[in-house]
Amino acid sequence: MRILLVEDSIALADQLVPLLKEHGYAVDWLADGRDALVRVHDDPFDLVVLDLGLPGMDGLQVLKQWRQEGLSIPVLILTARDSWSERIEGLRQGADDYLTKPFHPDELLLRIQALLRRSHGNANDERLSAGMLKLDESRQTVWHAEEEIALTGAEFRMLRYFMHNPGRLLSKGQLASHLYDNESDRDSNVLEVHVNRLRRKLGKAVIETRRGQGYVYTGQLS
Amino acid sequence: MTSSMGRRLAISLFVSLLVAGLLISQAALWWLEQEQRGQLVEQLRTDAAGVLAALEPGLDGALTLRNERLHPAYRRPYSGRYFIVETSQARWRSRSLWDAPLAPPVAPGVASGLLEGPAEQLLLGYQEQYQVRGQSVTVSVAQDYSPVRQAYQRARAAMLVSWPLILALLALVQQWLLRRGLSPLRRARAEIEQLRQGKRSVLTGNVVRELQPLVEEINRLQQHTEQQLQRSRHAMGDLGHALKTPLAVLKNRCNPDLRLNDPDLHQLMHDQVSQMEGQVRRALSRARVAAGATAANRFSPEEDLPLVIMTLERAHDRQLAFEIRGLNGATLPFEREDMLELFGNLLDNAFKWADSRIAVRFELDEVMCVAVVEDDGPGIPPARRDTVLQRGERLDERQQGYGLGLAIAHDLAVAYQGTLALQDSDPGGLAVKVCLPLPR
Chain A
1 MRILLVEDSI
11 ALADQLVPLL
21 KEHGYAVDWL
31 ADGRDALVRV
41 HDDPFDLVVL
51 DLGLPGMDGL
61 QVLKQWRQEG
71 LSIPVLILTA
81 RDSWSERIEG
91 LRQGADDYLT
101 KPFHPDELLL
111 RIQALLRRSH
121 GNANDERLSA
131 GMLKLDESRQ
141 TVWHAEEEIA
151 LTGAEFRMLR
161 YFMHNPGRLL
171 SKGQLASHLY
181 DNESDRDSNV
191 LEVHVNRLRR
201 KLGKAVIETR
211 RGQGYVYTGQ
221 LS
Chain B
1 MTSSMGRRLA
11 ISLFVSLLVA
21 GLLISQAALW
31 WLEQEQRGQL
41 VEQLRTDAAG
51 VLAALEPGLD
61 GALTLRNERL
71 HPAYRRPYSG
81 RYFIVETSQA
91 RWRSRSLWDA
101 PLAPPVAPGV
111 ASGLLEGPAE
121 QLLLGYQEQY
131 QVRGQSVTVS
141 VAQDYSPVRQ
151 AYQRARAAML
161 VSWPLILALL
171 ALVQQWLLRR
181 GLSPLRRARA
191 EIEQLRQGKR
201 SVLTGNVVRE
211 LQPLVEEINR
221 LQQHTEQQLQ
231 RSRHAMGDLG
241 HALKTPLAVL
251 KNRCNPDLRL
261 NDPDLHQLMH
271 DQVSQMEGQV
281 RRALSRARVA
291 AGATAANRFS
301 PEEDLPLVIM
311 TLERAHDRQL
321 AFEIRGLNGA
331 TLPFEREDML
341 ELFGNLLDNA
351 FKWADSRIAV
361 RFELDEVMCV
371 AVVEDDGPGI
381 PPARRDTVLQ
391 RGERLDERQQ
401 GYGLGLAIAH
411 DLAVAYQGTL
421 ALQDSDPGGL
431 AVKVCLPLPR
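Chains as they are written, first to last, in our numbering: chain A, 1 to 222; chain B, 1 to 440.
By construction, these hints were calculated from the structure, which means they are not laboratory data. There is no bait here: all hints are sound.
Calculated from the model, a selection of chain B residues having no Cβ within reach of chain A, i.e. all distances over 12 Å: (1) A49; (2) V106; (3) I166.
Computed footprint of chain B on chain A; a stretch qualifies when at least three of its residues, placed anywhere within it, have a C-beta under 8 Å from a C-beta of chain B: (4) 13 to 25; (5) 75 to 88; (6) 91 to 97.
Some, not all, of what chain B presents toward chain A, calculated at C-beta under 7 Å: (7) G240; (8) H241; (9) A248; (10) V249; (11) K251; (12) N252; (13) T311; (14) R314; (15) G344.
Quick caveat: nothing in here was measured; it's all calculated off a predicted structure. Each residue gets a CB set at the ideal place from its N, CA and C atoms; glycine is no exception.
This is chain A alone, in the form it adopts within the complex (with noise of 0.2 Å):
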């Protein structure tokens, strides 16, 4: 999952990129306004975390121009502005989700969980569930029926994209714009490799090759 974080505030950004990469998610940082009003669409971002005091150019605006160009992407607004009436301003915007500063990392994490599930129509559970596998994002494992798997760090980046996206077709570039973000080494080579891995805990048919086009997830455990 790519997030694109537009926040002015260094220090903070210096926590958040941190944290939510020890979270698994690609990170993209940003610190103007304008900058952001282009660069989400250089890339296929899964959700954008938008601060609104920002240089350049308001967040609100942003998130306007962005909803005007038909861009669906899901926002979630990290603010100082803690009025009722602002937060209501932001949702009538555009945005999906709207978090005050200051805010626990944890509930940052939680709502950026459950805006991706919300945004690729899944339910609303403590975890991410797709054919026979249950995500504990906050474990970083996966369970079946009643065994935990325990995985690593870029296994699990993978899944939780192929468990958003179970029976789509992703192809190899789909796949590393959506799990590494611009400073990562991409190569297909070790896409491969994670799939494997995935494959050799969870079974062979949980994820399926199409030649020359790339993955499907079917969530089958043999």
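For this one, chain A is given, so just place chain B on it according to the hints.
The following block gives chain B in isolation, referenced to the frame of chain A:
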């Protein structure tokens, strides 16, 4: 009763005009009477000379009075003109005196005071001494003064009665004029009242020229207040933003790693940051309150509250049954932002605790708007309710800012001169009853 400018003006004017008018009229009459008396004295002097001319020395050298030379009035009884002539040998009385006694003035010149004459006449007397052929002759003449006196007395009385009457009439007319003249002030007052109630945003400049500057000044003041409010709200918002991001940084730094490495520092930072957060939130919400100012945007619960619920559904990631009752499309004359803040905090609280449903009931009458926000959660035990409202105490660490929201709502209700009370709801949860007096 408060003093009325019009009445005070009228009374002081009435009294001063009454006193001055009476004094002047009485003085004028007195002066006129003196003038007339002076003329009469002149006449008497002429009369005295006329009587003297009727005296003639006889053959024996004694003086005789030739009646035919006298003015006929001296012969007609009680005609009002009399004389007495005295010499050392003789004394003549005018026939007009008939048999009534008349005491002549004791000294020459105008008699002091009026003499009592026949038939209850009051006479103006005059005496003159002459020397005729070596004899001293005293001629006293008198004239009836009663008619003149009566005329002046009547005039004085008429003046005493008619002047207050005229003044009373004038005062009435003046009151009417004043009332008519002050009616623009009354209109302006009514408009200012509407301004205060938020029924209008500016005064119409449609008043008399004298009031125009006042109306403009009030409009300017109103604008100024609004700008001031906007400015302080923006300044507060900026301050909030400026403080909250660093607070967020501190809060994020206060993570499990820190707790492992230095539990004391973690605890200290956590407590202090939470306190600062609460203080900033409460101070900001207080500064934002627009209570008392003109409600520029009326609060429309049926339109606005579903949006609040939508926000909360996303924030809490759960769906609850929600209903609003008792409004039928009515809007409330309170500032929308404040009410969103009040109900936002109450509903946020309800959302945290409710099992499955939240309801907001409104009851409106002439003077009061009563709103009850209830949930079917666990409620708050009666013993703890007061502390929750007063100190913004947190009942549960995990449900962040539990009591703070209620305390902020309480502050807002108080700012609107209303009350906020915690009760039990029917389903057994918490019911928050907010009573807000409607602006008169």
